[in-house]
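Participant: Here's the letter readout for the chains.
2 protein chains.
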Amino acid sequence: MSILVVGSVAFDAIETPSGTRDRCLGGAATYFALAASYFTPVRVIAVVGEDFGPAEESVLTLRGIDTRGIEHVPGKSFFWSGSYMKNLNEAQTLNTELNVFQSFSPKIPPGYDDSEYLFLANIDPLLQADVRAKMPKVKMVCGDTMNYWIRDHADNLARVLRNLDALLINDGEAKMLAGENNLVRAAHKILSMGPKALVVKHGEYGATSFFGDTTFPDHAQRTPFRAPALPLAEVVDPTGAGDSFAGGFFGYIASQPRLTPAVFRRAMFYGGVMGSFAVERFGTERLQQLDRKEIEDRFALFRQLSHLD
Amino acid sequence: MSILVVGSVAFDAIETPSGTRDRCLGGAATYFALAASYFTPVRVIAVVGEDFGPAEESVLTLRGIDTRGIEHVPGKSFFWSGSYMKNLNEAQTLNTELNVFQSFSPKIPPGYDDSEYLFLANIDPLLQADVRAKMPKVKMVCGDTMNYWIRDHADNLARVLRNLDALLINDGEAKMLAGENNLVRAAHKILSMGPKALVVKHGEYGATSFFGDTTFPDHAQRTPFRAPALPLAEVVDPTGAGDSFAGGFFGYIASQPRLTPAVFRRAMFYGGVMGSFAVERFGTERLQQLDRKEIEDRFALFRQLSHLD
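Taken in sequence, the protein lines are chains A and B.
Using my numbering, read the first sequence as starting at 1 and increasing by one per residue.
Using my numbering, read the second sequence as starting at 1 and increasing by one per residue.
A portion of the hints provided could be inaccurate.
In this list, chains with the same sequence are indistinguishable; a pair is considered to hold if it fits within one copy or across any two.
[To be verified] Mimicking DSBU-like on lysine-lysine, the simulated pairs with C-alpha atoms at most 35 Å apart in a straight line are:
1. Lys86 with Lys175
2. Lys293 with Lys196
3. Lys293 with Lys189
4. Lys196 with Lys175
Hint data in this document are derived by calculation from the structure and do not stem from the laboratory.
Nothing here was measured: the structure is a model prediction, and the numbers come from that model.
Work out the full structure: start from the sequences and follow the hints.
Facilitator: Have a look at this one:
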């Protein structure tokens with residue numbers, strides 16, 4: 001079923017030990033949409049400026065992504081510039097220009113309101129809450145956030161968390177959000193804030209999901225689940241790895257008739273799979289040209305990497 | 001079959017956010033021996049001072065560990081004092097007194113020379129090489145080391161590495177030993193130094209093994225293997241987690257008729273299982289009083305934590 005994603009569509013300038021790119025298509029919604037598009041139909045709500053032309057749009061439409069919700073306005077698109085020269089695991093932000101994103105007011109185009117799955121990518125929690133409120137009939141809502149919103153917009157974020165089915169964040173964000181250094185205790189605190197499930201991404205060490213009492217009401221099982229990441233000899237560009245994880249994770253869930261514990265676990269693996277592809281090349285290069293067989297082969301590799309038999 | 005371990009038997013003073021212990025039995029060989037003792041007979045070669053009495057010895061003998069190789073000499077036992085107040089993942093060493101360990105010259109007692117498995121715990125590589133040379137008939141040799149030996153005793157360590165079946169170290173040590181920041185590239189460099197297999201421990205994120213061309217000559221498969229760690233709401237005392245991992249890992253291998261890829265993978269899980277028990281209480285407290293059922297239950301939990309089906 002269709003996933004609707006709201007988030008940034010942007011241009012990035014990136015430097016990593018493997019090279020540099022002065023300008024490539026980026027943004028959380030872009031990475032999420034491309035990764036999810038291999039599993040299920042995807043619709044995007046975002047805002048772009050005049051620098052976002054047919055060439056950029058075709059990156060999405062060639063993957064069958066519905067871009068009617070991308071609003072074009074005068075001005076420049078969101079621009080982010082970052083460096084991984086010091087640390088491949090964490091971007092050092094060199095420059096952020098919000099540009100047209102500054103006055104973004106998400107609108108749901110006609111034909112989007114039957115989306116059953118909603119992903120609130122990392123944007124102002126006020127906008128996340130706004131979109132959530134405009135989609136009262138969605139079946140499942142997942143979201144992301146970051147240190148800036150956790151630190152300075154805690155009340156707005158709390159309102160978003162109360163209505164989330166799953167929150168996907170990294171270790172540092174989870175510990176900051178909970179004000180707690182132990183990951184298990186941090187997870188329980190976050191689950192008490194509203195999300196039915198929490199997926200904590202550990203970068204090269206994979207990801208762990210924690211479940212609240214209401215995640216799977218029919219299932220007694222509450223054990224966390226840990227998915228591996230693929231050990232890679234070269235991480236060309238880590239940008240978008242987390243959003244690609246989210247796209248693989250939620251895209252797979254949306255493609256399945258019902259969310260069961262087994263579907264959730266497989267979704268964690270598909271998240272890792274899509275994240276591992278994303279970092280193999282700069283920007284969205286690798287995510288634009290996958291096929292389902294490559295994805296299934298890598299899924300099998302993740303299984304081999306982590307399973308006893 | 002019997003494992004022979006050579007390493008430190010010591011007293012530790014430890015402070016962690018959960019409390020303090022002024023003096024508890026410690027040392028790499030102690031943790032290793034206790035963890036391995038649940039799987040296979042264990043023999044220890046170490047040196048202790050007059051402060052190591054019957055009470056300390058009984059911690060080992062009650063687990064059926066053969067302590068005939070523990071040499072008693074005048075003076076005080078090796079003493080280490082460390083704090084985890086700043087970082088539960090890495091001890092801050094407050095004090096190290098080598099004491100009787102300073103002039104340790106390992107001797108193989110009669111009756112130890114039919115040991116088929118040898119573990120060279122983290123000690124001076126000259127001593128590791130010496131013991132290795134005195135046990136020419138062992139079937140499999142695993143070893144550990146640390147930053148101090150990597151940095152300042154590289155040539156001696158290189159001689160040990162050339163004859164190891166498996167090296168077990170943590171991420172930081174692996175990257176330092178290889179002079180390489182990417183773990184996969186570091187692993188390949190280390191495998192080219194001699195070990196047939198490399199097990200890299202990631203603390204709370206589990207462990208990954210990498211295999212050289214000669215690890216399993218009969219098997220084409222060379223995929224790394226990643227074992228999870230158990231997400232714990234309280235890590236009481238991380239001391240000895242790595243040595244307990246090594247004890248579970250190698251103890252299980254020694255208990256099996258043949259080292260196959262499947263046995264190696266299960267050994268990685270048992271390593272994680274024993275590490276997870278070790279950190280639940282101070283010092284060796286938890287490792288002294290396990291039973292096989294608790295171990296198997298936790299093994300099942302590790303499987304549940306990481307397996308799709």
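Participant: Could you run down the list of hints and mark each one as holding or not?
Facilitator: A quick look at each hint next to the structure:
no. : hint               : verdict
1   : Lys86 with Lys175  : both (23 Å within a copy, 16 Å between copies)
2   : Lys293 with Lys196 : both (32 Å within a copy, 33 Å between copies)
3   : Lys293 with Lys189 : between (39 Å within a copy, 32 Å between copies)
4   : Lys196 with Lys175 : within (18 Å within a copy, 38 Å between copies)
Going through the hint list in order, the structure satisfies each hint without exception.
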